[in-house]
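Construct the entire structure; sequences and hints are all you get.
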Amino acid sequence: MKLSLKASQRLWTFAFLVVPLSVYFVVVIGPLLATAWLSLTNYTFSAFASPEFAGLVNYERLTGDDYFHTSLKNTLVWMVAALILPTGGGLILALLLHGRVRGANVFKSLFYLPITISMIVIAQTWQWMYQPDWGLLNTLLKTIGVEKWKVFWLSTRGLALGAIIFAWSWQQVGLSMVIFLAGLTSLPGEMLEAAQIDGANYRQSLRRIVIPLLLPSSVVVIALAVINSLRSFDLVWVLNEGGSGSSTLAVQMYRETFKSLRAGYGSAVSMVLFAIAAIIIVFYFRRVRRLEHLYD
Amino acid sequence: MTELARDRVTLSERERAQNWSRRALYAALIALVVVYSVPTFGVLLSSVQRDREISRHGLWRIPDEITLENYERALGGTNVPNYLLNSVIVTVSATAVSIAFGVLTGYVFSRLAFRGSEILYLIVVAGLFFPPQIVIIPLQQLFSRTPINDTILVLIVVHVAFGLPITTMLLRNFFSTIPAALREAAIIDGANEGQILLLVMVPLMLPALAVLATLQFTWIWNDFLWPFILIKNDAARTIMAGIVLLKGPYDKAWGLQGALSVIASLPTLLIFLFFQRYFIRGLTFGAVKG
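Sequences listed follow chains A and B, in order. Numbered as in my numbering, the first sequence ends at 449 without a single skipped number. Numbered as in my numbering, the second sequence ends at 1233 without a single skipped number.
Among the clues, some could well be false.
Claimed, not checked - Okay, derived cross-link-like pairs now, BS3-like style, lysine-lysine, Cα gap no bigger than 27 angstroms in a straight line:
1) K301/A <-> K1195/B
2) K1195/B <-> K303/A
3) K1190/B <-> K303/A
4) K1175/B <-> K295/A
5) K1175/B <-> K303/A
6) K1175/B <-> K412/A
7) K1175/B <-> K1190/B
8) K1190/B <-> K412/A
9) K1195/B <-> K1175/B
10) K226/A <-> K412/A
None of these hints come from the bench; they were simulated from the model. Computed from a predicted model, the values in this text were never measured in an experiment.
As structure tokens, this is what we get:
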């Protein structure tokens, strides 16, 4: 028996999708829904008690939890910092390295290298910078003769979060640089030449041509930076376990769930994280769609 | 004649100014890259010094003596080689399977669209933005009821699932760049979709697959969260989780920690050195096309 072309295509479509999508739905989408349900229960990981529906109790408790306020605030601070430090730094590096520099590839590689390294190793790297007795920063402070040179970068309130975000930005800057560079390479060169012939100076062509045409790359850089900042767990955990006021939502979720065994409460923290991610997903897809139409 | 000479003078002046600004830019870039590389250099420095020396004189100096003791110690036991082996198995198999899955889904979403496939595609790609924390608890519960609990198979499954959004997105975009006429010609020749994908499409997309392989390899190798949460059994631990675990008992073993960091970073560094172009293409291809 010979299948019609249409029927045969349908069969193949099903065959291609069934395994990958099953895995995806079982491992990602299903558990996401389960977390939403658990956040409405008093689940504690106990072998004797199964999750019991508790309504919005966990969310109510979040509103009065100082640790949560700190985590939420830090996550938002982190997102804002992500928009400024690695994004701005990456843009500057891309503009400096675009085109006319000899050996640009070597520079690019060196700035890009930390992206290929695990956050765990990045944490190690920055421990050697922040170590109180002989870390590089304190060694420098001591050398230039600062009396109170022994700064506890990772265990002082008000310093810890900034120190961690700085280390993170150091790693991420290469990522935005690369994406901006790709955007710059796709710029039509004649356009810049035409502007130059018309007498535009560097600043003018930057503002009127380069920056607007980098918009699509900027959307990507920003989305990546924000998403990566939401995930920030490894670095914080290894550097100071979220102490000294440096906790983020991802860290608090881990603490509540696996240290205090309050899985229901931890799930509520997760859902806050998801809510922020969902806003970005919607923003990103709408933006990308619009840009696609713009460039069609 | 005099006018010509003046022209030449102004020209060379402008050239000289340009030369100077170029040199200044160059110097600034070199200074920048040196400062930028200092933290990385510190890890290398710590890995070749004895802890005694670090605690006596500090880390940031030219060491009196360079030693490979830390590396011998790191690789000497059975733990670290075993962590490395686990990382290799998990990374290579999860990379391969997630790309194979991405070929299948990417092809369907690009060439075999059906009613509702657009929504399905969005659901898959949305996974790019999910912080993994939001599925940890149910996943852990789910795996604890299966026979593969606490083995490296768990890690492979998770990485395959979380790899699907990026592989699907990049490969769908890639399939869309292949001329539709190619597929139509194959259909007229009597090929079915399986044959088209395997014999016509896949040979054309080897570069795209290489791009994805470098990306996936790096991410999976560097991952810490999943083995940290899902693996309790030391025999199934991967290197990144292993390093963090070893920090506890070896709190003051700075040299050992440095050596472990270098060893754990070598595979991805080598990939980066040899496949840099693919790597960057992967990030930017996905990026620019959205």
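A quick look at each hint next to the structure:
no., hint, verdict
1, K301/A <-> K1195/B, "24 angstroms, holds"
2, K1195/B <-> K303/A, "18 angstroms, holds"
3, K1190/B <-> K303/A, "23 angstroms, holds"
4, K1175/B <-> K295/A, "43 angstroms, violated"
5, K1175/B <-> K303/A, "38 angstroms, violated"
6, K1175/B <-> K412/A, "15 angstroms, holds"
7, K1175/B <-> K1190/B, "16 angstroms, holds"
8, K1190/B <-> K412/A, "19 angstroms, holds"
9, K1195/B <-> K1175/B, "24 angstroms, holds"
10, K226/A <-> K412/A, "22 angstroms, holds"
Hints 4 and 5 from the list above are not met by this structure, while the remaining hints are.
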